[in-house]
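**Q** Produce the entire structure from the sequences given, and follow the hints as far as they go.
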Amino acid sequence: MGAPPQPRAPSRRVKLFSAWFWLYLVASLTVFWFAVVIPWLVITPFDRRRRFSHWYAYTWANHLHAVSPFWTIVVEHAERMRADQAYVLVCNHQSSGDILTMFSLRKQFRWVAKRGLFALPFLGWMMAMAGYVGIKRGDKRSRERMMAKCRRQLELGNTIAMFPEGTRSTTRHMRPFKRGAFVLACESNKPVLPVIMVGTHETLPRDSWVFTLERKIYPVLRVLEPIEPAAHDHDPERLADAVCERMTAAIEQLRAEIEARGGLEVRPPQ
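Each step along the sequence shown adds one to the number in the numbering used here, with nothing skipped, and position 251 is 268.
You may find that some hints are simply not true.
Computed cross-link-like contacts, DSSO-like style, restricted to lysine-lysine with a CA-CA straight-line distance of at most 30 Å [as the list claims (entries may be wrong)]: (1) Lys124 <-> Lys153; (2) Lys124 <-> Lys166; (3) Lys131 <-> Lys153; (4) Lys157 <-> Lys131; (5) Lys124 <-> Lys233; (6) Lys153 <-> Lys166; (7) Lys131 <-> Lys166; (8) Lys157 <-> Lys195; (9) Lys195 <-> Lys153; (10) Lys32 <-> Lys131; (11) Lys195 <-> Lys124; (12) Lys32 <-> Lys233; (13) Lys195 <-> Lys166; (14) Lys131 <-> Lys195.
These are calculated hints, taken from the structure and not from any lab test.
**A** See the structure below:
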């Protein structure tokens, strides 16, 4: 009952588009990386927060959305993420496309990502240039280093973005939250900013590199109201439970809204 509906097998047209998209992604990433190296070397000494590098990363990601005929990301309530406030941003995770989708916020934040990604040519180099934070799963020392780097980023005024489930969910329901993001929020006294996404699984299912779309859809990224650690006595367990409860309810509400207007193929009213 909790599993998402299984999409039909993709057509030959969609398989060809999938192959083209990933080849284009690699090619454009290579071009973008070479184009940014010299500006990065010049600007970075004057840009301690690495704002330019992240701006460049989300510009690249959003140009990928622009060239796709199969989806347009709808961003709601982005104004809730204030430019003068650092947050611990947490988001649900159902697809390999979630990271690209999050860049649609066009806001400054720093990802926490698997350390292996940083070893990838061009992609990993761009992540390192932007000040993103790596972690090796199951490694206690790596986790401690990650937390220290995240605290440093928050002190600089940068928002830290995490998937608290740790990995992609296989059902319509979120996986249990890991506590790292909420320990970080309580220790640094920074608000948690919940963000929910619906439609990325329908675009690119978990563990698949083939898109499943025959018609254009409108995945939705919605920013919820921030939650202060003080509202839960700076207790990471209570804070995590409160955030999980709010995000679960918000996801169900968003799904109901999408179904009421006729599905993901119908663009939400502006």
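**Q** Give a verdict on every hint.
**A** To see whether the hints hold, each was checked on the structure:
no., hint, result
1, Lys124 <-> Lys153, "holds, 26 Å"
2, Lys124 <-> Lys166, "holds, 20 Å"
3, Lys131 <-> Lys153, "holds, 6 Å"
4, Lys157 <-> Lys131, "holds, 14 Å"
5, Lys124 <-> Lys233, "holds, 25 Å"
6, Lys153 <-> Lys166, "holds, 14 Å"
7, Lys131 <-> Lys166, "holds, 14 Å"
8, Lys157 <-> Lys195, "holds, 14 Å"
9, Lys195 <-> Lys153, "holds, 15 Å"
10, Lys32 <-> Lys131, "holds, 28 Å"
11, Lys195 <-> Lys124, "holds, 24 Å"
12, Lys32 <-> Lys233, "holds, 15 Å"
13, Lys195 <-> Lys166, "holds, 18 Å"
14, Lys131 <-> Lys195, "holds, 15 Å"
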